[in-house]
Each structure stands twice: as C-alpha cells, then as structure tokens.
Amino acid sequence: MTDAITLQQRLDQTKETPLFYKVFGLIAGGMILDAGDVYMASAVNANLTGTNFATLNQGSMFLSAGFLGLFVGSIMAGIIGDFYGRKRAYQFNLLLFGFFTLIGGLAPNIIFLTVVRFIAACGLGAEIVTGYALINEFAPVKTRGRWCGATAIIANLGALIALLLATLLIPRFTWRAMFVLFGILALILWVLRRHFPESPRWLIAKGRNDAAETIIQRLEINGAYQNTEFFTPKSPKEVSVHKQQKRNLLVAIMTVSAVLVAQYTFTSWMPTLLIKKGVNVVHSLTFSTTMMFGAPFGALIGATLVDWVGRKKIIVTTFSLTAGLGLWYSHQTTNIGVLVNGFLLTTCFYVLMAVAVGTYTSELFTTQFRFRGAGIANGVAKLLTVVTPYLAAWAISQTNVNMIFYFIAGLTLAAAVVVGCFGPETKQSIIE
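Okay, so the sequence shown: first residue is 983 according to the numbering used here, each after it adds one.
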C-alpha cells in the first residue's frame, strides 16, 4: 500500500485531467444555482407581496427563513463533510435543496412556503462551503488559485441568469415557475453528481490510502508538474500555514464576513442609495445594472492574479482600496462620479469574492478541519447579512445615506488589518 506522504506529493503535482474537468463542471453548476437563488428569492418575494399571496411582514419572514437556512446549512455541511466525507455532504445538500424547492412551487400558502424555503436553503447553504473547498482539494497546487477564481467567475453568472429568468417567467407563470425550474435543475445536477469522486485528500486523512490511490491515478493521466515548477523554498516559520487553526479561523471569519456583508449591503441598497443622491428611479436601475458589470470583471482580475501575485497581497490591497472607494463614494455629487465609483467598488467586491472567499478561506485549514472552518466562516457571514439590512435602514433613517459608505470603509479596513497582521500567505502552499 502506498504511504500517505507519497500519495500527498503525487496529488499536489497532478496536472488537469478529464476527471478534474468533470469535477470542476459539476461544482460550477452548483455554484451557479447558489448565486442565482438569492436573486430568485428577491424576485419571487416581490411577486408574493405584489399579488397579495403574502403581506410585507410575511415576505420579510420568507427572505429571513432563506438566510437562516443558509447559516444552518453552512454549519451542517462542515460537520458532515469533515466527519462523513465530502461526497456525502455534496450529494445530500443538493437533493435537499432540489426536492424542497420543487415542493415550494406547489405551496398553498405563505407559511408552508416559508417552511420549505428554510429547509431548501439549508441544502443550498452547503453549496458554497463544499464547492470552493472541493476545488481546493482537487485542483493542482500550481493552478489552484486560478481554478478557484474561475469557479467564482462562473458563479457570478448565476445572478444574471436568475434575473433574466425571473423577468421572462414570473409575469407569465407567476413566482411558482421559478421554484419549479430551480428545483428541477437542482435535481438534474444531483443525478449527474451520483458518481462524483470522493476527495482523495479526505481519504488520505482518514487512512483510506487504497481508495485515494485509485482516484489519484485518474488525476495523473496527463502527467505531473515538477517540484521546481511551483514549489519555492520557505523559511521554517512558513513551512505550514495550518499550525495555528484558531488564528486562521478568526482570519477566515473576518475575511468572509467583511466581503459578504459589504458586498450585500452595497448591492442591496444600491438603487436606494442612488435615489438618495439625487439620481432618479429610471436612471438608478440603469446605473445599478452598469455597476454590476464590475462583478465578472472583478472576478476575472482575481482569478488572473491570484496564483501570480499571491492571496494575501491581493486581499489586503483590495480591502484597502474598497475602504478608500467607500469614503470617496460618500463625497460624490455628479452622476459620472457615482457611476465610476460604484463600478470600481463592485469590481473590488468581486476580486475579493474570487480570491478571499473562493480561494483563501479553504486554504487556511487542514483537510481534517477544512469544511468546518469554511462552514463556520460562511455561516457567521450569513447571519450578519440577516442583521445588517435592519441596521442599514436604521442608519439611513436616523442619520444620512453616507453612513452606509462609512460602514463599508470601516469594515473593510478592519479586515485588511486582520489579514495583514495575522493571515498567512497560502500561495501554492501544500494542503495538509
């Protein structure tokens, strides 16, 4: 039987193969559903309240149930993935989401819909945790950051697809069509994932070397990168980025929370913020759409630079730029200034989504703790995104619109300090 160290070294050096491309495609498909679901829920909620299927308060409960489910799903995915296997967590979450989303399309009332929405979201909450972590564990070390970034680029298409589908389907077939469509798509993807391979890193960590050997052989059919192609000498302090798991968990929580809370706050309130700055409703929607083109652009920048520049440098620099742009936005008085600044802010958010959330977070943890670490970080961030809109609404009503930008600047600057002072560099580091 091949020893664990040899298997680990072989896995670190594998090149891209058909099996890896299959894994990447299946993960990317799930990430599109994950990204699109939030926008689908927002579009559905507008129709629920507009057709009197739900009151405004019930609509808020419907949205909150989704975010609460995402939190629960993130935590549960971490526990199941680390103790019972990546494959089991990855299969179960999609079945849960698909089945209960499909059932939601038949909901007789808003109470039933809210309950099934919570259960479905528990399944979907696992997707972002399992998706990025699995790409980290299957991708070659040399190009790991690039593939994580590519996953983020594809995931961002989910928002645009969901908004387009909502525009086409809801006026003709009501909100139920969105639930039925997303449920069917999730179940189709679940069927395609039936033969999804277990993570060889998890198998090695559990001492199942023979099973890991079988999968690694399929990942080696295109040869291997040589050590000299990507491993650089490290000082004794840098041999492992995983020595301080509690510190790394703090860094992950702060990093993911800052990215998601700042991004959700800005994009959710963007039309309102624009109107408060004197941009009329029609132009505010045009401006919002234009700014969102920064999403794929930012993710592309992150995916391109992450393996070249390094994770920590990009994250600290982009957090700092975001803080500066947030303060600058608060002083904009012209339409062109608002538009340019908003585009740049959106670009920065999605550079961070690709590098910090998509790549860096999973690399901070050992295989034994990776899913739980990523799950806790994402779970805390999801909880904060539930609370933040209420705080933002209070701040705007009690003070002025610029408080949103001061908040974004302060949060991202604090995250830059935390990552800069305590975050290890994980560029092409060995995953333990």
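Fair warning: there could be bad hints in the mix.
As the list claims (entries may be wrong) - Pair ranges (Cβ atoms, derived):
1) 1093 x 1313: 27 to 33 Å
2) 1070 x 1377: 41 to 47 Å
3) 1090 x 1176: 17 to 23 Å
4) 1306 x 1404: 17 to 23 Å
5) 1403 x 1196: 38 to 44 Å
6) 1193 x 1306: 29 to 35 Å
7) 1061 x 1404: 22 to 28 Å
8) 1003 x 1403: 34 to 40 Å
9) 1385 x 1003: 45 to 51 Å
10) 1226 x 1143: 37 to 43 Å
11) 1190 x 1155: 21 to 27 Å
12) 1313 x 1380: 38 to 44 Å
13) 1000 x 1070: 37 to 43 Å
14) 1088 x 1377: 36 to 42 Å
As the list claims (entries may be wrong) - Straight-line Cα separation of at most 30 Å, DSSO-like style, residue types lysine-lysine; simulated pairs:
15) 1004 x 1228
16) 1069 x 1228
17) 1124 x 1228
18) 1188 x 1295
Derived by calculation from the structure, the hints in this document are not laboratory data.
Built from N, CA and C at the ideal position, the CB exists for glycine as well.
Okay, the hints, checked on the actual structure:
As the Cβ distance of residue 1093 to residue 1313 is approximately 46 Å, the hint placing it in 27 to 33 Å is violated. Against the hinted window of 41 to 47 Å, the Cβ-Cβ separation of residue 1070 and residue 1377 comes to about 43 Å, which satisfies the hint. Evaluation of the 17 to 23 Å hint for residue 1090 and residue 1176 yields a failure: the beta carbon distance comes to about 32 Å. Distance hint check for residue 1306 and residue 1404: the Cβ-Cβ separation is about 22 Å, which falls inside the suggested range of 17 to 23 Å.
Distance hint for residue 1403 and residue 1196: a CB-CB separation of about 43 Å, consistent with the stated range 38 to 44 Å. Checking the proposed 29 to 35 Å range against residue 1193 and residue 1306 shows it is violated: the Cβ atoms sit about 50 Å from each other. For the hinted restraint 22 to 28 Å between residue 1061 and residue 1404, the CB-CB distance of approximately 25 Å keeps it satisfied. Between residue 1003 and residue 1403 the CB atoms are about 38 Å apart, so this pair conforms to the stated range of 34 to 40 Å.
Between residue 1385 and residue 1003, the C-beta spacing of about 46 Å keeps the proposed range 45 to 51 Å intact. Checked against the hint of 37 to 43 Å, the pair residue 1226 and residue 1143 passes, with Cβ atoms roughly 40 Å apart. For residue 1190 and residue 1155, the Cβ-Cβ distance of about 48 Å falls outside the hinted range of 21 to 27 Å, so the restraint is violated. Between residue 1313 and residue 1380 the Cβ separation comes to about 21 Å, which falls outside the hinted range of 38 to 44 Å.
In this structure the supplied range 37 to 43 Å is violated for residue 1000 paired with residue 1070, their Cβ-Cβ distance being about 24 Å. Our hint of 36 to 42 Å for residue 1088 and residue 1377 holds, since their Cβ atoms are close to 40 Å apart. The suggested pairing of residue 1004 with residue 1228 is violated, with an alpha-carbon distance near 34 Å, which exceeds 30 Å. The hinted pair formed by residue 1069 and residue 1228 meets the criterion: a straight-line CA distance of about 26 Å does not exceed 30 Å.
Among the hinted pairs, residue 1124 with residue 1228 is consistent with the structure: their alpha-carbon atoms are about 27 Å apart, no more than 30 Å. Distance restraint check for residue 1188 and residue 1295: the Cα-Cα separation of roughly 34 Å exceeds the 30 Å cut-off, and the hinted pair is therefore not satisfied.
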